[in-house]
Amino acid sequence: MAYISQQFLNMLQLGSLYAVIALGYTMVYGVLSLINFAHGDLFMVGAFLCFVATAKLHLPFVPVIVVAAFGTVLLGVAVERLAYRPLREAPKVSAIITALGVGVFIENFTLALSPYPRHVPEILPNISWNFSGLTVSSIQVLIIVVSVLLMASLDFIVRKTRFGMAMRALACDMKTLPLMGVPVNTIIALTFAIGAGFGGVAGTMYAMAFPVIDPYMGIMIGWKAFIAAVVGGIGNIRGAMLGGYILGAVETLAAVALPSTYRDFIAFTLLLILLIFRPNGILGVPKTLKV
Amino acid sequence: MMAPALLSIKDLSVSYGNIKAVRGISFDVRQGQIVTLIGGNGAGKSSLLRAISGMAPFDGEIQYKGIRLNGTPAHKIVSLGITHVPEGRGIFGSLTVKENLMLAAWCRKKDPEGIKEDYNYVINIFPRLGQRMAQLSATLSGGEQQMLAIGRALMSKGDLILLDEPSMGLSPVLSDEIFRIIAEINRAGVTILLVEQNAFMALQLAHYGCVMENGELAFEGAAAVLLDDPRVRRAYLGV
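So the sequence lines, in the order shown, correspond to chains A and B. Position in the first sequence (from 1) plus 16 gives the number in our numbering. Position in the second sequence (from 1) plus 97 gives the number in our numbering.
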């Protein structure tokens, strides 16, 4: 029983991280139909900002999160403004190549500044509680609670606020939106800002749980989060959350049942099979042509 | 005495690459009038509207209430008081009917009372929309979508509404209904620039008409005069 609960907790921790990162992919795809391949690298930058804020600036927890979130928001908005906006009318392939290029640029820029893996010092004392065999660490609780709060606020913003309404309208028909008086560039920039900020916070939380970080850490996690977004139905906010937890569950279960080297192989096989039967993802709907 | 020009267009041209859709057009839209632009497919009517609402780059000059619109982005033009109901209606299908209406009031953030008033006005003139506020707008019929598109224009509270083919794809009964409402909105003080394929209906409704051919202004005049003009009758009224 304790063992099952333990694995369940691991699933929630991993799934929360994937879900928060997957939201960045799905939001940008939703509004621009662009796969922001640099998003995994924003997550990495979040982890490095966490390192700088703790190891160099010796800041406490809350300012660390603020530095990481604010820094990645700035970077995300800058990437949109400098790299994606000039290509908005260009063929989608060009925009995707640009996204890949931006990712490689960010990785190598970070590599130039920090050629070695870094060890992030402990920010919060890691307390463990023991409930009849089940070990719960404070970092696990933190990751799950912060992620759920972020997701709940995003869900609220998208469904209930003016900005969220504009974002959904933008996903529906970008050409008509300016005729409503809505500044489209502002809405797109805000969408990137939120996605990037989520990536940055996820990077910080990841660095707290797994404190050895390197400039390439965003690649694999980014791919997985992207796949989580696709599994849930890319462009769909709740789909990204669902996909994140499904991927977290599949990976955890695969590692329980089989040698840990099989983990990614099993996870990706299951996801490929799922996509054969649900090509638009679990909550996705096929895009209908606009008349 | 003639009302002052609300919108003044001088030597306007719109090009898409090498194709000139509008070639050097000049005309005025006077305060309180319904002006209709008629002409065949590809005459440049929609391109002209797109230039006015900031959706298409143009050469020449557009003045609205004495303000030069050249280079003004589309979303700012809405806040100046020009609302464009685009061809094909441009309904946001994944938003509810009410959300579509509220989105159109984007520029009126500081006027919640006015928004409420206009919301009730929209329900009043389009009772069918009133029953469908919580529905996704993609589920509306063509006629209802056109009503929603016009309702949105009312929520933006423009002094000038540009209507692009409001009768397109609608049954004659629904077209009549839409035209009746356009007349009502105009009586409430809104100036209207109406692009229509159905020249007969448009000229009956309008005060003034402009006939476009191949991107140029072929001729213009009072709507009643154009209805009797042999050139208009031959080309557009089928008589």
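No lab work stands behind these hints: they were computed from the structure. Incorrect hints may have been included.
[Unchecked claim] If you only want the chain A side, here are some residues facing chain B, beta carbon under 8 Å, derived:
#1 Ala94
#2 Gly117
#3 Met181
#4 Cys188
#5 Thr192
#6 Pro194
#7 Leu195
#8 Gly197
#9 Val198
Cβ coordinates follow ideal geometry from the N, Cα and C atoms, glycine included.
Q: Hint by hint, work out which the structure violates, then give me just those numbers in ascending order.
A: Of the numbered hints given earlier, those the structure breaks are 1 and 2, listed in rising order.
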